[in-house]
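Those sequence lines, one after another, are chains A and B. Each residue of the first sequence is one higher than the one before, starting from 0 at the first, in numbering that gives the first Met the number 0. Each residue of the second sequence is one higher than the one before, starting from 0 at the first, in numbering that gives the first Met the number 0.
Please note that the accuracy of each hint is not assured.
No distinction is drawn between identical chains; accordingly, a pair holds when it is met within one copy or between any pair of copies.
Below, simulated EDC-like cross-link-like pairs (lysine to aspartate or glutamate); rule was C-alpha separation at most 16 angstroms, straight line [unchecked claim]: (1) 121 x 13; (2) 92 x 23; (3) 107 x 85; (4) 107 x 37.
In short, the hints are calculated from the structure, not lab data.
Number of protein chains: 2
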Amino acid sequence: MIGRLNHIAIAVPDLAAAAAKYRDLLGAQVGQQRALPEHGVTVVFINTGNTKVELLEPLGEGSPIAAFLAKNSAGGMHHVCFEVPDILAAAAKLVAGGARILGDGTPKAGAHGLPVLFLHPKDFDGVLVELEQRLSQPNAAVVRWTRL
Amino acid sequence: MIGRLNHIAIAVPDLAAAAAKYRDLLGAQVGQQRALPEHGVTVVFINTGNTKVELLEPLGEGSPIAAFLAKNSAGGMHHVCFEVPDILAAAAKLVAGGARILGDGTPKAGAHGLPVLFLHPKDFDGVLVELEQRLSQPNAAVVRWTRL
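Bound conformation, chain A alone (with noise of 0.2 angstroms):
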């Protein structure tokens, strides 16, 4: 089911600064500064080469990651996203296996538009598993999810 990690995020107090320390200190390829605030962050991306790591700061009110700082203050590893061909498919399983999606339990657009749904960190030894829909060709499964 899961394939590739889409991405890791990290949840940082002060994006420009943790920017910054990735491409001056680490020399990574670290991207432009972008705003989303239909998601409540502000992201940058850092391509690796076989993944991404997402730099996260909190933008706006009700920031789905303001909680999390509160109690880490000095940032953390937030959330690991891999991919599934078809979310739906995935959720079924899941939930058949006794896993909790978190909120309605119905896929949602994600940062980059795609469908994605988050599991409970319980049921994953603490950690919080993003699933995001990829495809690179339409096929059923974007049908099912367009007609949501």
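Following the hints, complete the assembly by docking chain B onto the known chain A.
Showing chain B alone in chain A's frame:
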């Protein structure tokens, strides 16, 4: 400097149960359990195609992940590992930039038998960063490492 994300490591309280969840619930490619007594951990690698997830359980007294699991009893993301072509050059650049290397500051043989360093989490937004030297061909950096 940093290249591919080699792996992310997740510390878990029950390795067999965690591996079963990744295999049966997430349908991941889960490898065999391997005891690494010299590193104080038992590991299971998950192959995501582009990178790896390393599930870690403490092994023996003084495991390097024991303190983390004492604080995070359910488990959690423990560290992230990036590949570098020359670990001594990387260390010199990091120290010159004010970053702290854990331990005595010199590379050690990691779980893959390759030279690794760990950077202080306070310098990288609460994230424990491992650097691992990876080379497709022997070169000057390997010679320098083997002479340490």
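Checked hints:
1. In this assembly of identical chains, the alpha carbons of residue 121 and residue 13 lie at most 16 angstroms apart only when taken from different copies (13 angstroms versus 28 angstroms within one copy).
2. Proximity of residue 92 to residue 23 under the C-alpha cut-off of 16 angstroms is restricted to the inter-copy arrangement: shortest distance 9 angstroms between copies versus 43 angstroms within a copy.
3. In the homo-oligomer, the alpha carbons of residue 107 and residue 85 lie at most 16 angstroms apart inside one protomer (13 angstroms), although the nearest pairing across protomers, at 42 angstroms, exceeds that limit.
4. Proximity of residue 107 to residue 37 under the C-alpha cut-off of 16 angstroms is restricted to the intra-copy arrangement: shortest distance 12 angstroms within a copy versus 45 angstroms between copies.
Of the numbered hints listed earlier, not one is contradicted by the structure.
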